[in-house]
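J.: The working numbering numbers the first residue of the sequence shown as 1178 and each following residue consecutively.
Keep in mind that the hints were calculated from the coordinates and are not lab data.
Check before you lean on any hint, since a few could be wrong.
Once the Cα atoms are required to be at most 20 Å apart in a straight line, the calculated EDC-like pairs of lysine to aspartate or glutamate come out as [stated by the list, open to error]:
hint : residue 1 : residue 2
1    : Lys1205   : Asp1255
2    : Lys1205   : Asp1283
3    : Lys1205   : Glu1276
4    : Lys1205   : Asp1227
5    : Lys1205   : Asp1229
6    : Lys1205   : Asp1279
7    : Lys1205   : Asp1222
8    : Lys1205   : Glu1224
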Amino acid sequence: MTYQGLFTGGNILNASDLNGFGNVTIAKVSNVSVANNTNVTISFDTEIVDVDGWFAPTSTFITPDITGIYLITCNVVDLNSGNRGLVNVYVGSTIVASEDQDGGRDFSVAVHASVTAGQSMSAIVYQNSGSTQTPDVTLSVQLIRAT
């Protein structure tokens, strides 16, 4: 398959070449239980889009099979933290993006990151409102360029 940036003069594009664009996976969970003062690894239960089968429902990971540069976005909605709301986005075991909000309720984080085929992407949410909160969390990954 040919990816963006690898076309040369005289190339003929096949359907499989064009299918390499826009590889996207979006996973979501509604009303996830985030206990007070606890880091919760989010287990997603819904595929919104999964072009290449990178996500299995009830998984904590999105795992692409293409090495490249990805746009990774995580949205946290209705986290009534009162004090502190935090989301960390991981590639493998490394935090690649973090958003820390005082009084956070709805917030997002986005990052471009290098990801190796087979490396997983995940999100951890934290809050310290004094009680358990039930936000909606969405994790989205999009291949920007295969490398």
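J.: Compare the structure with each hint and give your call.
T.: Structure-based check of each hint:
no., hint, in the structure
1, Lys1205 with Asp1255, "holds, 14 Å"
2, Lys1205 with Asp1283, "holds, 15 Å"
3, Lys1205 with Glu1276, "holds, 18 Å"
4, Lys1205 with Asp1227, "holds, 12 Å"
5, Lys1205 with Asp1229, "holds, 17 Å"
6, Lys1205 with Asp1279, "violated, 24 Å"
7, Lys1205 with Asp1222, "holds, 6 Å"
8, Lys1205 with Glu1224, "holds, 7 Å"
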